[in-house]
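Take these sequences, add in the hints, and give me the full structure.
Protein sequence lines, in the order shown, are assigned to chains A, B and C.
For the record, in the first sequence the residue sitting at position 151 is 151 according to the UniProt record's numbering, with numbers rising by one throughout.
For the record, in the second sequence the residue sitting at position 468 is 468 according to the UniProt record's numbering, with numbers rising by one throughout.
For the record, in the third sequence the residue sitting at position 122 is 122 according to the UniProt record's numbering, with numbers rising by one throughout.
In case anyone wonders, no lab produced these hints; they're calculated from the structure.
No distinction is drawn between identical chains; accordingly, a pair holds when it is met within one copy or between any pair of copies.
With a cut-off of at most 20 Å between alpha-carbon atoms, the simulated DMTMM-like pairs for lysine to aspartate or glutamate come out as follows:
id, residue 1, residue 2
1, LYS101, ASP149
2, LYS585, ASP546
3, LYS407, GLU348
4, LYS407, GLU243
5, LYS87, GLU157
6, LYS87, ASP191
7, LYS3, ASP384
This one's a predicted model, so the numbers in the text were calculated from it and none came from an experiment.
Here is what each chain is made of, one letter per residue.
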Amino acid sequence: MSKLYYGVAYYDEYMPADRLAQDIAMMREANINVVRIAESTWSTLEPREGEYHFFHIDRVLDAMHAAGIAVIIGTPTYAIPAWLARKYPGIMVTTPEGQQKYGRRQIMDIVNPDFLRHAEIIIRTLLAHVKDHPAIIGYQVDNETKHYDNCGPVMREKFIRHMQETFGDTDAMNRAWGLDYWSNRIDDWQDFPPPESTINASLACAFSRFQRRCVTEYLAWQAALVNEVRRPDQFVTQNFDFEWRGYSYGVQPRVDHFAAARAMTIASVDIYHPSQRHLTGKEIAFGGDMARGMKGGGNYFVMETQAQGFAQWTPFPGQLRLQAFSHLASGAVMVSYWHWHSIHNSFETYWKGLLSHDFAANPTYREAATIGADFRRLAPHLADLRVTNDVAILVSNEAMDAFNAFKPQGTEGNAYNDVVRRFYDALYEENISVDIINDVNDSSARYKLILIPALYAAEDALLHRINAYVEAGGKALIGFRSGFSDEHVKVRTCVQPGILSRCCGVRYSQFVLPDGAALRGAALPLAGSATQAEMWMELLTPEGADVLAYYDHPEWGSYAAVTENRYGRGTAIYVGCLPHGDLIKTLVRRLGGEALCSRQSAQGFPLVVRGGLNPAGERVRYCLNFSGEPQAVTGVTGRDLLTGHDVGGNWDLPPWGVAIVVSQP
Amino acid sequence: MSKLYYGVAYYDEYMPADRLAQDIAMMREANINVVRIAESTWSTLEPREGEYHFFHIDRVLDAMHAAGIAVIIGTPTYAIPAWLARKYPGIMVTTPEGQQKYGRRQIMDIVNPDFLRHAEIIIRTLLAHVKDHPAIIGYQVDNETKHYDNCGPVMREKFIRHMQETFGDTDAMNRAWGLDYWSNRIDDWQDFPPPESTINASLACAFSRFQRRCVTEYLAWQAALVNEVRRPDQFVTQNFDFEWRGYSYGVQPRVDHFAAARAMTIASVDIYHPSQRHLTGKEIAFGGDMARGMKGGGNYFVMETQAQGFAQWTPFPGQLRLQAFSHLASGAVMVSYWHWHSIHNSFETYWKGLLSHDFAANPTYREAATIGADFRRLAPHLADLRVTNDVAILVSNEAMDAFNAFKPQGTEGNAYNDVVRRFYDALYEENISVDIINDVNDSSARYKLILIPALYAAEDALLHRINAYVEAGGKALIGFRSGFSDEHVKVRTCVQPGILSRCCGVRYSQFVLPDGAALRGAALPLAGSATQAEMWMELLTPEGADVLAYYDHPEWGSYAAVTENRYGRGTAIYVGCLPHGDLIKTLVRRLGGEALCSRQSAQGFPLVVRGGLNPAGERVRYCLNFSGEPQAVTGVTGRDLLTGHDVGGNWDLPPWGVAIVVSQP
Amino acid sequence: MSKLYYGVAYYDEYMPADRLAQDIAMMREANINVVRIAESTWSTLEPREGEYHFFHIDRVLDAMHAAGIAVIIGTPTYAIPAWLARKYPGIMVTTPEGQQKYGRRQIMDIVNPDFLRHAEIIIRTLLAHVKDHPAIIGYQVDNETKHYDNCGPVMREKFIRHMQETFGDTDAMNRAWGLDYWSNRIDDWQDFPPPESTINASLACAFSRFQRRCVTEYLAWQAALVNEVRRPDQFVTQNFDFEWRGYSYGVQPRVDHFAAARAMTIASVDIYHPSQRHLTGKEIAFGGDMARGMKGGGNYFVMETQAQGFAQWTPFPGQLRLQAFSHLASGAVMVSYWHWHSIHNSFETYWKGLLSHDFAANPTYREAATIGADFRRLAPHLADLRVTNDVAILVSNEAMDAFNAFKPQGTEGNAYNDVVRRFYDALYEENISVDIINDVNDSSARYKLILIPALYAAEDALLHRINAYVEAGGKALIGFRSGFSDEHVKVRTCVQPGILSRCCGVRYSQFVLPDGAALRGAALPLAGSATQAEMWMELLTPEGADVLAYYDHPEWGSYAAVTENRYGRGTAIYVGCLPHGDLIKTLVRRLGGEALCSRQSAQGFPLVVRGGLNPAGERVRYCLNFSGEPQAVTGVTGRDLLTGHDVGGNWDLPPWGVAIVVSQP
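And the structure:
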C-alpha cells in the first residue's frame, strides 16, 4: 500500500464530553492517519437486546473521513454487555477456578451457542450499517482473543467428540496417553473425566491444543462474517497478543498464532514493553518477528502499543521515536497507540494514552507529532520493507505445553518462553535478525541456521525433517529436552534426544539439575558467564559428536554438556542445559554467525541495527541506540533519511537516538 | 466524669471453675474499677432458641456491684450461636470468597432480616433483664463491627436501591462511573452486575462506601435499642478498631468512624500495638487521636488493649505503665485490658490477659496494680484531659478506597494507610500532636497547619474549601495524588492536581515511578534520607509556586518534586512523591512547625511529650521514654505527679519510663 | 526369614510394549528377588464395572515365579477408575477446599459406603483369583493411605456420633473444649458445626484424631479381607509414608502409624530423601526408626525408595549403595525401588525408576546390580538385624496437632516436626541411635534417656508416667511447651510445665519470642551456636532445679532457659526454647550420652556408624560416609564383609563409601 499508518484507538463512547472536533484537530496536527474504533463497545451499540445505536460510530466515521483519517472497524465482541450475561448465565466462561462473574472483558465462553448467536447478530448488524462507509480501510475481528481457560460443558463435549474422531476408540487413546497409570483408563467415552483436573499431561496438552483450535475456529468464523461485506481493498485482521508478564514477553500459550492468522489478510499485534531505563527493543523485535512469521513473512500492523502507558512506561524524551522506528525496522506498516486519550474511570485509568486525562498537549504527544510528520514524509522509503533472514528460530505451542507440564524443579511460570527468549535475545543482542517459524520443511533450506530451543514434544516426522535439513547442509543449534516426547507427550522409548540423536551424534538417559555445576570448555574454550549452566543438565555421551564443553562438576565431569556433530553436509550443535546468552553467541559464531546475511552489524547491543530492502530496492538500515549514552556506529554508510545527511566511517548516535540509513544493497 | 477507669474484659462464662470471688479480690488489689461483660456470649445467654440464661450476667453484676466495680454491658451479637447459623443458613455472610462457614465470630450478614430479628430479640431480652442494675455505667453495642466484606443478596439489593435513589436513572450512573468502558453499561437496573467482581473502581468504591453505611446504620439501630432503656448517666458506645496488620495500624477501611460514632455518646477504641523492643507509642497516639476525632475532640475509652497479649507483646518491665499513661496523654479516660484471664481453649489461647492461664499473680499483673493505684490517686489531675491542637491531618475512607483501587506498581496492601502513617509518624516523632479530621470547613480555621496526604478522591466542594482554608491564612502540606479524582473516582479532566492547583500553584499531566530517582534541593537544601522519593513521582511544573526540590534524575531532572505557593494569606506545599519522614519534618518546620502550640517539646522521639489541660486548667505533660536507654528531658518544668517531685532544667527519664508533669499553662 | 529382599515396583500395565521377558532377564542380572505389583491398577483390573481382567497379573505372577522372583500383591484401591467416580460422584473426597475432581490418586472418600462396597468387591475378586499362586509372599493393603483431609458428610456424621459416645452429652463437650468462647456452644447435637471451619483447636484436633482413626479402621478392614485368604507364611503390610516436604521428613500427621500398624504383620515404609550433595542419611534413619517403632522394634520393609527419582536425586556414583546399606543399618530387610522403569506419560514421568525411559542399562542400574549381588551374598550376615537402643524419642500425633494449632509467630508449616527433627538429627549426627516411641510406660525402664520434644498435648496419666520414669532413675531431656495442655488441648490451669513441673523442678507463666535473645551458660558453659535460642522462649523460674543457662537479654536475663533437676533417682533437663543441635548434643552428653549403648561411635557426622546384632549374635556395624571426601574411621575393628578384609585402628572410607564391619559383640 506504500503507506505508513500512524494511528490510535479512539473511543468516542468513553468521552466525558464532546471532544470529537478538538481531537481530530490534534490528530491532524500529529499526522495521525488512522483510528481503530468500536472494539469493546457492544453495550453502547446494543444497550438493550435488539436495540441498536450507531451514534458514536456514525459521527466518528463521518468526521474522520472528512479529516482524511482512515478508520478500522473492530467487531465489539470481546467484552459483553451486562444484559447478555444476566439473560444467559451460561455465557460466562467456566475455568478451572469455576464460573467467572461478570465484570472483566474476555470472560465469555466463545463456544457457547447463546454467545455465538448474539455475537453474530451484533456483528452482522454493525457490518450492515457501516459497510459502505468510505472511511473504512479494514476490519479487526474481536480483540486479543484467547480461550480464557475455558473448560465449560460445551468446550468439554466438543473436546471429547474431537478425541473420538482422533482416536476412534478409547483403547488407542489409553495407549497414546498412558491412561493405565494411576487407574486413569477410560473405557467408555461417557466416563471421560474433567480435562482441567487431570494429572495426565498427555490429556492436558491435547485439551490445551483443542482449546487453541477453538480460538482459530472462532476467529475464522468472525472473519467469514466480515468477508461477506469486505471490499477487496479492505483488510481483515486480528490483534494478536503475546505471553504477558506485565508486558508482551513470548509465544502466546492460548492461541496458535500461525493457524489463527490464516483467516486474516494481514497480521496485527499488540506490543507492550518495558520502557525508561528498561527499554531494550527486544519485545518490539520479537513481537514483530512473530507477526511476520505468522503470515509467512509479510508486513504487519502494530495495532496496539504504548504511548504513555503505565507510570513505569512514560517514555523518556526520544524513546517514543525510537520505539516507533524500531517497529518499522521489523517490517511494521502501522504503529497505532492504545490509545488516544487516558480513560477517566475503570480498570485502565493508569494505562495512559497519547493524551493525559486533561486532553492537553503533553511532551509525549508533542514527540508523537514529530513521528507522524516523519512517517508521512518518509513513507515512500520506509513502507513495505522486505525483511529477509537466513536464520530462523523454531517455536511450537505443543512443545511449550509439554515443556511447561514438566518444568524443572525451581522453575516458575512459562519456562518454555524463558528458554525461547534466552536464544532469541542472544541473537538480538548480536544484531542477527531472525524469522520465527513453526515448522522445518522443504522451504527451510533457505536458512543457513535454525535454532531449536526446548522442542520437547514433536511428532516423528518433524524430527526427521530436522535431520534432513541438517543432512542437506543446514546448521542447527538444538537445545536441551528437544526430541524428548512424541506429539502425545509420551516420552520416547528410544535413546535420547530421540530421533535427533541422529543429527546430533549424542545420547543420554540421565539428567540432573545443575545445583552448582558449570561448563568446562573442551574443543571450545569457555570463560566467564559462558560457563554457566542453568535449569537442566543432561548427562551427554557423544556418539560421533565432538565435545565442545564438559560439565564442571566433581561427579558428572566426564559427561558432555555441548557437542557438535557433522551430519551429512550440515552441522548440529546440541546443548544439554540452558546456556547463558554469551555461550549462545559463541556457538552461533562457531556456526558461521559472522557471515550470515541476518547479521546486520558487527556491533552489538545497545547499538541495534535492523532493516531490509524497500520496494525501490534500497537497503534500509535502522540504527537504534537503546541506551542513555551516545553510541558510536561503524560500518553503516549511506544517507540518514531523518537528517538528510550522509553518514559513514565512525559516527555517533545520541542517547535513545535513531538514524535510518539508506544505501544501495 | 472526673474519673479514670481501669478495667478488664471479664468472661465468667469461659472460666474452667468458679473463680469469681478470687478474681474480684485480685481486681480490687489492682484497683480495677470497671469490667466489660456479655459481648460475644450469645450462645451462653440463649443456648437454644428462646431459652435464656442470665446466670453469669446476674452473678457478675451482683458481685461486681458489691465490690464497687462498675460494669459495662456489651450486646452479644458479634458472635452467633451454632443453632442460629444452622436454622438460618442465609445468616452466614457471603463475601467475594463465597459464603462463610460457621466457626469464627464476625461472619454474619448484618443486613440479613433473620439475623436482625434474632439480634433484636436477644438484645431486648438482655437489656430488659439488666437495665435496672446499679452496677451498669453504660453499654457497648456489638463489638469491632464491620461489614465483613458482605456482598450477599440482601446487601446487593439494598445497594442497587440506594444507587437508584442516588442517580435516578442508569444514564446518570453510566456517566458518573464511565460504564461505557469495556461494555459495562447498565441500561436496566435488573442488569446490575455483582459489585464484588466489577473492574470499575467507581462502582467498587461506591459499593464499599455503601457497605460502610450499612455498618453505621446497624450500629445506630443497636444504639437506639439501648437508648430505649439507657439512663442519662449511662453511656452507649461502640468499640471501634483500626486497619489491622497484626496490630492496630491505620484508618479502618470497613467502617466510617466519623459517621458511625454519631450514634454513640462516647467513642471507644481497640488499640493493640507492637511491644518489647518495638514499642513506639505511635499506634497508641494514632488510635487515640482518631478516637478524639470521631466525636469531634472529646475524651474516649480504650475499651481494649493488650495486657500480656501475644508472646511477642509480653511487656518489658515498665512498659505496661508507659502504655497506660500514653493512652491518658491522648485524652483517654479508660484503659481496659482484653482481658482478665488467659483463655484455655480456642482461637485466642495465646492472646493472653492480665493473668496467665494459671490465674496467679505474675509480673504483668503486679505492674498493673501500680497503675491502678496511680489512676485512683491521680484521677483528679488526669481525668478529662482537654487536648487542643493547631495541627490536623485529613483522612478519608473514600480517598482510601480510591487510592488503593489504583495502587502504584510494587505497592502492597493498604497503601493509603502507609502514606497517612508516613505523615502522621513524622509529626509524632517531632512531638507535634494532631487532630485527625475528615473534613476541612469553616471550623478548620482553628488549625494553623493541615496535612493532606493522598486525598485521591474528593468532591469539588471539599477541594474548594481547602483552597479557601489556605487563602484565609492556613498552611497546608498536600501530598501526591490529592485532588486527582472526583467523589465518583472519575479522574478530573482538568489539569492536575485538579482544583488544588489553585492553592498549590503547580500542575502536571505525567507521572512515573521513582525507579532510582531521588530529590535534589532547590529553594530548600536537602541531604540524607530527606532526598528519598518513593512510590510515585509526579512531573510537576510550577505555575507560580517556588520549587523547593527537583527530581534528581537524568531525564526528569527539570521537573519539580516539591513546591511552595503563597495563596491568599496562606501557604501550600505540594509534594509529588511519597516523602521520607525527614523531609516531612523539614517541610513542617518550614511551615512554622517550631512555633505551633501542638509542638509540645523541642525534643523528639524516643522522648515523647504529649498532653493537654486538665479541668482545673493545669497543663499536664506526659513525658514518655520509648527506649531502653535513659533519656534526658529539657524544657519541661513542673511537678511530676508520679513522684511528687519538682522537675526542671535537664532531668532524666529512666528506660521505658514515664513522668507526668503538671504546671500552670 | 533370614533373607534380604531387593526389589522394585513393577507395572506391566504401564508398558508401551511387551517387555516382560527382557525385564525379568535384567532383574535377574541385578539380583532383584521381589516385585510389588497391582497397587493402583484398579482400572486395568476392572475397566468396566463388574468386568475383570487378570491378564497382567497372571502373566507377571507366572513369569516371576518361573524366574524365582517373589511377588507382593497390592490391593488396587488407592486410585479409582473413572467409571466409579462418574457413577458415584459422592466418592470423590470433600476437603476444606471443596469436593475434589477426578484425576489424582488418593482423592476418594474412604468412609463412603459406595466406595467401600466397590473396594471390597475388587479386593475380594483379586484375592480370590491370585490367592493360591506360589509366587506370592505377602500382600500390601492399599498404599500410602491417609484420610485425604476428608470432611465430607459421612466423615462428619461418624465424627459427631463418636463425640456423642465420647462425651455423652454436649455439656461435657462444651466444657472440655471451652465452647462458650465466641458463642461456639453446642446444645443440640444437630447443631454441630462443620469441623473444618472451626476456630476451636480442641474440636479441630479431636476431628483430626478421628480422621486418623478412620484410616486405622480402613486399613484394618482391608487387612481382615486379606487375612481371609492369607497363608501363615505370607505377610500383610501397608506402605506407610511420612510428612512430605518434597521428601520424607517427619511424623505423618494424617495417620497414627502406631495404631494403624497393629493390623499388619510387618511394617513397610516409603523413604524418599534428598540426594547428591544433600544426601545425609537422616531421612533413611528416621524413617527406619519409625518403622521399627510402629511394630515395637522388629524388622521392616522399605517398600519404596528412590532409584533415580527426580533430576535432583539421580545418585552420584556410590550413593545408591550407600543408601541401600543405610536402610539395612536401621533394620530393614527389604529395599525396594519405586520403580523398575521410568514412566512415559503422566504425573510421575520425571520420578524415574531404576531404568530410564529407554529401558537400557544405565549407571544407576549397574550400581544396583552390585547391591543385589551383595545382598544375596551377605544375607546370612545382614538379614534380621536386631537393633537395640537405650535412648528413645517420644512422638505424638496429638501433640503435633495441638502444637501446630498454636504455632509460634513466624513459624511455617509443620513446626512440630521441625522440633522433633531438631532433636532427632542432633542424636543422629552424634551416632546415637534411637527408638521412636509413642508412649512412656513400664517398659520404658529399658531406656537410659528419653527425649521429649514439644509434647504440647497429653493426658495427665502420660505426664505422671514420665515423672515416674525419671523418679525411678531415668533421664529425660524435655523440650519447651511440653505438658502445656491436656488431651483436649485445653491449657492446664496449674503452673507450667504442668504436671512435668514435678520432675523438672521449674515453673513459668510467661513466654515471649526470642527476637534477638540468646543463651548465657550458667552451670553449663556455652559458646558458639549452642547459645542460639529459637522459636519460643519460656521465662523459667527454677523451683529446685539448677540453672544450666539463662537468657542473654537486657530485660529477661534473670530468667532461666535451661534447667536440670534431680528427681528421685533420675534427672530431667528442661529447655524453654528451641535449642540448636549443638546444645542438644551438649545436654545429651551431660546426661551420660558418651556411655550409652546407643552411641555407636565416638565420631560424628558425616561419618555415620549404625547397626545391631545379627541372628548369629555378631555385632554388625555399618560405617557410612555421607560426604564427598574420604573419612578416617577409628574405633571400629573387625571384618569388612564387603571387601572381606579386616579393618581396625585408623582406616579410611572413600567418598560416599560404606563398610560393613562384623565383630564379636
